[in-house]
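Take a look at the letters that make up each chain.
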Amino acid sequence: MRRELKTIIEVEKLAKDYNGLAAVKGVSFEVGHGEIFGFLGPNGAGKTTTINMLCTLLRPTGGRASVNGFDVAKNRLAVRKSIGLVFQDPSLDERLTAVENLRFHGMIYGVPRLERGQRIKEVLDLVELSGRQEDLVRTFSGGMKRRLEIARGLLHRPKVLFLDEPTLGLDPQTRHHIWEYINQLRSDEGITIFLTTHYMDEAEHCVRIAIIDHGELIAIDTPQRLKEEVGGDVIVLSTEDNKRAAREIVEKFNVEVKELNGELSLQVKSGDHFMPKLIKALETRVTSISLRRPTLEDVFLNLTGRKIRDEKVEGWDQLRSRVRSQRRRAR
Amino acid sequence: MKSALVGIYTLWLRDVTRFIRDKPRIISSSVQPLLWLFVLGLGLSTAFVRGGGSDYLRFIYPGIIAMSVLFTSIFSAVSIIWDREFGFLKEVLAAPIPRWSVAIGRALGGSTVAVMQGTIVLLFAPVVGLSFTAAQLLLAFLLMFMIAFSMTSFGILIAVRMHTHEGFQVVVNFILLPMFFLSGAMFPTQKGLPVWMHVLVSIDPLSYGVDALRQTLIGNPIYPIWLDILVVVCFGAIVLAIGVWYFERNE
Ligand SMILES: Nc1ncnc2c1ncn2[C@@H]1O[C@H](COP(=O)(O)OP(=O)(O)OP(=O)(O)O)[C@@H](O)[C@H]1O
Ligand SMILES: [Mg+2]
Numbered sequence: 001m002r003r004e005l006k007t008i009i010e011v012e013k014l015a016k017d018y019n020g021l022a023a024v025k026g027v028s029f030e031v032g033h034g035e036i037f038g039f040l041g042p043n044g045a046g047k048t049t050t051i052n053m054l055c056t057l058l059r060p061t062g063g064r065a066s067v068n069g070f071d072v073a074k075n076r077l078a079v080r081k082s083i084g085l086v087f088q089d090p091s092l093d094e095r096l097t098a099v100e101n102l103r104f105h106g107m108i109y110g111v112p113r114l115e116r117g118q119r120i121k122e123v124l125d126l127v128e129l130s131g132r133q134e135d136l137v138r139t140f141s142g143g144m145k146r147r148l149e150i151a152r153g154l155l156h157r158p159k160v161l162f163l164d165e166p167t168l169g170l171d172p173q174t175r176h177h178i179w180e181y182i183n184q185l186r187s188d189e190g191i192t193i194f195l196t197t198h199y200m201d202e203a204e205h206c207v208r209i210a211i212i213d214h215g216e217l218i219a220i221d222t223p224q225r226l227k228e229e230v231g232g233d234v235i236v237l238s239t240e241d242n243k244r245a246a247r248e249i250v251e252k253f254n255v256e257v258k259e260l261n262g263e264l265s266l267q268v269k270s271g272d273h274f275m276p277k278l279i280k281a282l283e284t285r286v287t288s289i290s291l292r293r294p295t296l297e298d299v300f301l302n303l304t305g306r307k308i309r310d311e312k313v314e315g316w317d318q319l320r321s322r323v324r325s326q327r328r329r330a331r
Numbered sequence: 001m002k003s004a005l006v007g008i009y010t011l012w013l014r015d016v017t018r019f020i021r022d023k024p025r026i027i028s029s030s031v032q033p034l035l036w037l038f039v040l041g042l043g044l045s046t047a048f049v050r051g052g053g054s055d056y057l058r059f060i061y062p063g064i065i066a067m068s069v070l071f072t073s074i075f076s077a078v079s080i081i082w083d084r085e086f087g088f089l090k091e092v093l094a095a096p097i098p099r100w101s102v103a104i105g106r107a108l109g110g111s112t113v114a115v116m117q118g119t120i121v122l123l124f125a126p127v128v129g130l131s132f133t134a135a136q137l138l139l140a141f142l143l144m145f146m147i148a149f150s151m152t153s154f155g156i157l158i159a160v161r162m163h164t165h166e167g168f169q170v171v172v173n174f175i176l177l178p179m180f181f182l183s184g185a186m187f188p189t190q191k192g193l194p195v196w197m198h199v200l201v202s203i204d205p206l207s208y209g210v211d212a213l214r215q216t217l218i219g220n221p222i223y224p225i226w227l228d229i230l231v232v233v234c235f236g237a238i239v240l241a242i243g244v245w246y247f248e249r250n251e
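Residue numbers (my numbering), protein chains in the order written: chain A, 1 to 331; chain B, 1 to 251.
Since the hints were derived computationally from the structure, they do not count as laboratory data. Owing to the predicted nature of the structure, the values given are computational and were not obtained by experimental measurement. Every residue, glycine too, gets a C-beta built ideally from N, C-alpha and C.
Calculated pairs, EDC-like style, for lysine to aspartate or glutamate (alpha carbon to alpha carbon, straight line, at most 16 Å):
{"#": "1", "chain 1": "B", "residue 1": "K90", "chain 2": "A", "residue 2": "D89"}
{"#": "2", "chain 1": "A", "residue 1": "K258", "chain 2": "A", "residue 2": "D241"}
{"#": "3", "chain 1": "A", "residue 1": "K159", "chain 2": "A", "residue 2": "E35"}
{"#": "4", "chain 1": "A", "residue 1": "K6", "chain 2": "A", "residue 2": "E35"}
{"#": "5", "chain 1": "A", "residue 1": "K159", "chain 2": "A", "residue 2": "E10"}
{"#": "6", "chain 1": "B", "residue 1": "K90", "chain 2": "A", "residue 2": "E94"}
Computed footprint of chain B on chain A, listed as stretches where at least three residues anywhere in the stretch have a Cβ under 8 Å from a Cβ of chain B:
{"#": "7", "region": "79-86"}
{"#": "8", "region": "101-108"}
Turn these sequences into a full structure, and let the hints guide you.
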């Protein structure tokens, strides 16, 4: 009988100190069987460090954790056998073919020879790479490499699949595709998925998410409940004089106002009724206004007073990808 | 234990697969020792006029085999740096196999590739006017393997400590080339050298490897063969042990 409620990952006050730099500061959480569990946090929050400790690649400097019932510090080989891994950075042998990469993996993970060929075929079909299986990985696109890595992580039928930013740098279509595999995996193979991301929309796919910032867990719940905690709808407006408008709103409506990147945002119950009242009451001229349901971005903003991805960083990312595509075209 | 053996075999297989696949590398690394042998050998043999020109060519022939083995070994081992850079090392280090089996698998893979390279040079024996008995050949293979294994292990030790290619270049210039030139591969090192150089020659483990190959293939021993083998094997064992120790330790 399968015990659905049993936890498969247990983490207690887990900490990692890199020579004085506390990257993870004592986090505790549990992940249930068959869950899709997401770690959401900005750059440098400690997501990769946590994953690396759970995967036995890094030794914790404090606390304890177990995966599939095995302690990550004391029973490293058993943990390794129970998990599949997709690293944040590429980790394929580009001078081998797709099949050779998978065969290599199957061998070191002890997949029996008889089963290996069949299993390789299955995972290649899953990520739709069967047509390219004999090609050198060097000739693959970034998205294809990512898919191959996911296939490889699944090859030995792990109990838990760790995905560190599985869709980083991929186009929306490929990202969507990868999410299809992840959902399919969960329903077909019943495996537990632990992933990290800093894409808000991706975190929405998870059953539960933990929000991590500066090495500390600041919230952990279903995306739905986290958003409900924000309290009602979000109104974002810009005015001719934000400072004055903010003062006015606080005086007249007694709601908290945040100013960020030249915009004011406030959270209210039933925003559709509130918005007309607001525009009417304000003496400062409103130049634009919008209303939306709260997102995880708002949850993060609420908890930390910051956006998870700085606008500047966003701009830089776009610039980078534009430069990259131009270079590619030039070649 | 089974997972360790599987690890060793898998990493060995990877090195060999990659070598066989890489035709340009096979060709260029075969042509290079032949260039050394014939261009340098024939060119310099006019300078060593005593007893006819082909003497020098024969003299350096075992040295060129050792050179081929040495450089292939070191470069195979150092591909660990590439693996680290391309991330593949993480896949290996996260696998459920002991780390020492990774190091040994790589050492064996690198040595196998190096022995194949040495064999290519060995095939040119008739051109130099040499022919060997089966016993000579067998011993030569064993020696090539011992040299290869100990030099690959040395390369692994370097690669584990070294995180950049610039650093590796320094090692090539300050360790590898002196080791090669002092080994007696290219010129005789028993007589007429300054004392300090003679000391360096005697502590160069490759001197013993070259001497072993040379006395097996053309005679003229400097040291007894058992000493040669002892030095090469001990050197290999020590550097491998240190390399594995670092490998186990680093995160
Ligand atoms: N090997 C290391 N040595 C020293 N400090 C490190 C090391 N790896 C990570 N750090 C530091 O630990 C902190 C957490 O890093 P980590 O890679 O876990 O962040 P992350 O949440 O995965 O970020 P990202 O979204 O950018 O991948 C950062 O401040 C980082 O600089
Ligand atoms: Mg990370």
